[in-house]
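Number of protein chains: 4
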Amino acid sequence: MSLGIAVIGTGKMGADHVRRIHRTTSGAHVAAVADPDEARAKEAAAGIDCAVHTDPAAALSAPGVDAVLVASPGPAHEATLLAAFDRGLPVLCEKPLTPDAAGAARIVAAEQRLGRRLVQVGFMRRYDSEYVRLKALLDGGSLGRPLMLHCRHRNASSPSFFTTEMLVNDSVVHEVDATRWLLGQEITAVTVLRPAPSSYAPPALADPQLVLFETDGGAVVDVEIFVNCGFGYQVRCEAVCERGSAEIGTGQEHALTVQSAVDGRGRRGGEIPPDYVVRFADAYDRQVQAWVDATHEGRVEGPGAWDGYAAAAVSEAGVRAQRTGERVPVLLRERPALYA
Amino acid sequence: MSLGIAVIGTGKMGADHVRRIHRTTSGAHVAAVADPDEARAKEAAAGIDCAVHTDPAAALSAPGVDAVLVASPGPAHEATLLAAFDRGLPVLCEKPLTPDAAGAARIVAAEQRLGRRLVQVGFMRRYDSEYVRLKALLDGGSLGRPLMLHCRHRNASSPSFFTTEMLVNDSVVHEVDATRWLLGQEITAVTVLRPAPSSYAPPALADPQLVLFETDGGAVVDVEIFVNCGFGYQVRCEAVCERGSAEIGTGQEHALTVQSAVDGRGRRGGEIPPDYVVRFADAYDRQVQAWVDATHEGRVEGPGAWDGYAAAAVSEAGVRAQRTGERVPVLLRERPALYA
Amino acid sequence: MSLGIAVIGTGKMGADHVRRIHRTTSGAHVAAVADPDEARAKEAAAGIDCAVHTDPAAALSAPGVDAVLVASPGPAHEATLLAAFDRGLPVLCEKPLTPDAAGAARIVAAEQRLGRRLVQVGFMRRYDSEYVRLKALLDGGSLGRPLMLHCRHRNASSPSFFTTEMLVNDSVVHEVDATRWLLGQEITAVTVLRPAPSSYAPPALADPQLVLFETDGGAVVDVEIFVNCGFGYQVRCEAVCERGSAEIGTGQEHALTVQSAVDGRGRRGGEIPPDYVVRFADAYDRQVQAWVDATHEGRVEGPGAWDGYAAAAVSEAGVRAQRTGERVPVLLRERPALYA
Amino acid sequence: MSLGIAVIGTGKMGADHVRRIHRTTSGAHVAAVADPDEARAKEAAAGIDCAVHTDPAAALSAPGVDAVLVASPGPAHEATLLAAFDRGLPVLCEKPLTPDAAGAARIVAAEQRLGRRLVQVGFMRRYDSEYVRLKALLDGGSLGRPLMLHCRHRNASSPSFFTTEMLVNDSVVHEVDATRWLLGQEITAVTVLRPAPSSYAPPALADPQLVLFETDGGAVVDVEIFVNCGFGYQVRCEAVCERGSAEIGTGQEHALTVQSAVDGRGRRGGEIPPDYVVRFADAYDRQVQAWVDATHEGRVEGPGAWDGYAAAAVSEAGVRAQRTGERVPVLLRERPALYA
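Chains as they are written, first to last, in numbering that gives the first Met the number 0: chain C, 0 to 339; chain R, 0 to 339; chain L, 0 to 339; chain F, 0 to 339.
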């Protein structure tokens, strides 16, 4: 029994999901696509036997739709999620769950009313093999309790629409989720230090920054966010524990030794992936496959609405910390029993 | 349209392929399984809606069978391959294509009579991401012509049935194919040097060995084969080219820094995978997916019958080189136009 | 002409300097030693033709003394330095120059009165080959302006007398000097974050900590100080610049691949040095040789009294930041022209 | 008591030794220099209070000469060594001891007549910290018996006078000594495989080559010698043992991450030293210091005349193996008791 999926939003990310479900995912097929831009929707669906709509609601009610993958812009998520809830459809929703914590809290409330969870949020790092092994290592306990995480999040360059706030709520939000997941702790405060910006960053962008988290388990996390580093996409995390340290993101497949055309010196080293599509290609594949497998079995797993809410709340505190230069506490609502 | 696959042989490797096709591969399903041990066949097929046979021929003619995956013992391959040819079924055949070069030559002859290729041989390293990138790098030409390959092929320990000959024809055969594929050259001579065996190897096993290839393109290849190295499964390859060197198999995902319980010293490093199942998990998945995708499109790609024949011929020379201590030339038949 | 050196203080560090000057340094010899513990002084001087005193002043006036190496406890430095100044003797003074910023300011004032510099402070990292190359790389400008430094300073375990304050003023003080030297900037503020301490640290010790510097050039520096990490002595520094990043302290001489006796897994990696004596052995040798060479030529180079003062001032701010949890500004005096 | 050293030969290597003894070595000074080119001798001795001669014999008998460092061309070594023996002077002789095995055998015979050893041969790798630790590791026994060594010896480019024979008797001779020393075994046979030469090597040079040693302890050693690799000077050695593998030469001090100006890709890696002067700078310093220290104590240690002879004998077999393409046995004389 193949799972029929409606893909809502066929921009870059949505079109990639359409391709993935059609070509890579086992046990699922694209049953419908929706995009306000009909031409774009048709292009994404080319060669696939599926319904094509401009209205998300129409796609949700297309024949053979068993589940929904939401890849539309963040402000459109809430309406689609609620519509999917009305139909009892499981949803894999790209991050952010909603643009702000208040919206995310409404999704949490909606699931509470339903009495069950339907949403998985697309924090795909939880499916990356390096992160998975780091999590297993920390949970295994051989290194003792984690004390600090040192994170680096670097992009070669930022798109033209990128704002200083997005350093936190679009980029560092991945470290927010990774921190919460790896440590099993909530973030209680955020501080941001801003060095003099790189002269290669766009004039209005305060890039890079050092974002600091404190957690309710007593851990301290520092995140370098640098979205115009020039050399590629590099995501690193070192977990410093009581009895040892574990790092991901510093390894490489190839070691290439060549003479540099720049300075004539020989160097031996590995390549940095150009972007997140390359770096997390397998994570995206595994995320969707895991969601499909869980859905077949009637389960919901992975990061849920509560995680989407917490990430949004920390992001909001982070943006205030950016603006004020102060340490900003994170005030989360009570965690409902549904997400215990 | 999902491709119906008959899996012939449900031992460890075959059962794993059944699971893979059922759970991981997109666009395919298990249509039939066959194993002389009916209980084992049924166990592999548990929970899957497919035919179960003890006779390979019966499985090939089961309803809905569009293609065949052969994972039975090597001596049984030839009969199954010829039966599949009679039905015009595409085949993915685990290595070795046949146990000896003469048998492989008969498969080549059979495809020539058919006038088309139907077989892909399961040299899965060609689908490993590290090998794929090394191949692309060499083909790209930026490093100049490859001059030497330095290969390491290490297993933690060898199974009880392993023989000295198998160091070459079961293990190094992967480097035979990798050499031919990476360089696009044929191997013309084999020499084997045998150090005093490790005291941790079984008494009858001359382990490790250094196997040397010369190619018709003037390259020299050395392969350390060591099947009782103790520490894990490690496959490395350094391609030394005119303008630089590229290595695979030395990287790692994690860098773990811990104090050793043995000598009290701290070390920082990465983990060695325990076995080929872990090391080449993705390569197996990609191999089967690529074969399914190509079959859907009516193509045959990847290593074919000629590659299976050449690997067998080099292996036979290698075993003679082991026994005699001499440099043994490899004498290949003329390569048929079908495999140009 | 060999330089006659009086070594003041023959504890662990001083005795090591006596051995170094006697056996390793070219162009110098030990002319006198002094230690309140006469037996210890004699033991350090065993086999060396030199004067042995319990009084530092007596050692300074011993025949053939051309220069002084101060390795006594910090509180004793000021008197010895002023006595050496009276005699116009060049001094290499182990860090700290003095225990507090006020004392260091008095040394600065004394040199100003002399109208020339006589003191080099023993910040030996400036002579470590890794740091030297990092400094050259940053100064070379190919990476653009440095934006952040990420530092790790880890000891296997702390001695019994170690206090929480010493995490900053005894350990992180090395990063204070390294930051000032690498960037050529003054540190303007310190913040300290304290995770829940490791359960392997002594009960009274708040270990580890994350110490943050801001500089007058707009750089941000984070320093993990962890003096009970268990696995060895590890000093790392990553300089994140506008056009690339450079790391030191992650390399290794050996890559050892062995099966772990703990978990049975194979790992490939390099050894962490056990302590600073091993890690910085060459740096100590080079520091003393460079000081001897400069003294022969009538020059004073390396970190001077001003650097000792600035390090003390930042350390004092750091200790306040530890205690208060606040961001503490560093208020330096005007830098005298002598140290321009 | 400072050791007075006569440096014979003030070409590049000899002049460097003069500088080293004058500036770096503790407990020694340059007492005399000799070079047929008087201007060159004077230039090397500039600023040093020492005798300057054109005749080696005159330098040996200059006042205050206690020991000799021979850095003249190989053909001149024998006469100088015998003259030093006549005076009972300890000698540190740059490699090769003599240009051929017959000459080296005469040096061995001369020491036997003296009844004591006076010569140390300049195989400086034995003083390199990486090699020293590898040797200690192998001797420590934790890895079991060494089975194979995989060696790489690469130069950026070869000087104009370099010949194919010199790949073996000038370059690989270092691996000959390293193999004998690391394993404590004699080399019994040499085989050479010659790939099609790099198009970047001079036309007459068969570069690179793969040189294979067999030892009397049953080990197998492969050495890639590539003197026009383009990217730098790289000396690597992996010792594959029964219970693990240890590699040197793959580490690095810096990890630099930058975007390549060639292909626009980011890479993280370490620098390859440009030449042996940089790579083995410390080894040369330590070699001379160890020789001076041993001489002070009346000891001779390090590689001696027998090692020089054995290296010459293996080199001669290696050159024959190059020419014939055959496996060439090494026939050593009986090892005299003096070198037991």
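It is possible that some hints are incorrect.
Intra- or inter-copy, both count: the list cannot distinguish identical chains.
Said to hold, decoys possible - Only pairs whose alpha carbons sit at most 25 Å apart, straight line, appear in this in silico SDA-like list of lysine to any residue:
id, residue 1, residue 2
1, Lys11, Gly263
2, Lys134, Met0
3, Lys41, Gly63
4, Lys134, Val277
5, Lys41, Asp169
6, Lys94, Arg112
7, Lys41, Ala336
8, Lys134, Asp281
9, Lys94, Gly143
10, Lys134, Gly63
11, Lys41, Gly26
12, Lys94, Asp48
13, Lys11, Leu331
14, Lys11, Glu325
15, Lys134, Gly263
16, Lys41, Pro335
17, Lys134, Asp262
18, Lys134, Arg264
19, Lys41, Pro202
20, Lys134, Arg105
21, Lys94, Ser198
22, Lys94, Leu204
In short, the hints are calculated from the structure, not lab data.
For each hint, the structure was consulted:
1. Lys11 with Gly263: between (39 Å within a copy, 23 Å between copies)
2. Lys134 with Met0: Classified as neither; 32 Å inside a copy, 38 Å across copies.
3. Lys41 with Gly63: So Lys41 and Gly63 pass the 25 Å test inside one copy only (18 Å; across, 32 Å).
4. Lys134 with Val277: Close inside one copy (22 Å) and across copies (18 Å); limit 25 Å.
5. Lys41 with Asp169: neither (28 Å within a copy, 50 Å between copies)
6. Lys94 with Arg112: The answer is within: 22 Å in one copy meets 25 Å, while 56 Å across copies does not.
7. Lys41 with Ala336: Neither, since 42 Å and 43 Å both go past 25 Å.
8. Lys134 with Asp281: Cα proximity of Lys134 and Asp281: in one copy and across copies (17 Å, 20 Å).
9. Lys94 with Gly143: neither (32 Å within a copy, 34 Å between copies)
10. Lys134 with Gly63: neither (37 Å within a copy, 43 Å between copies)
11. Lys41 with Gly26: both (23 Å within a copy, 22 Å between copies)
12. Lys94 with Asp48: Classified as neither: same-chain Cα gap 28 Å, cross-chain 37 Å, threshold 25 Å.
13. Lys11 with Leu331: Neither. Shortest intra-copy (33 Å) and inter-copy (50 Å) distances fail the 25 Å Cα cut-off.
14. Lys11 with Glu325: neither (37 Å within a copy, 45 Å between copies)
15. Lys134 with Gly263: between (41 Å within a copy, 20 Å between copies)
16. Lys41 with Pro335: Intra 41 Å, inter 45 Å, cutoff 25 Å: neither.
17. Lys134 with Asp262: between (40 Å within a copy, 17 Å between copies)
18. Lys134 with Arg264: Cα proximity of Lys134 and Arg264: across copies only (18 Å, versus 39 Å in one copy).
19. Lys41 with Pro202: neither (38 Å within a copy, 61 Å between copies)
20. Lys134 with Arg105: neither (30 Å within a copy, 51 Å between copies)
21. Lys94 with Ser198: Answer is neither: 30 Å inside a copy and 37 Å across each miss the 25 Å cutoff.
22. Lys94 with Leu204: Classified as within: same-chain Cα gap 22 Å, cross-chain 41 Å, threshold 25 Å.
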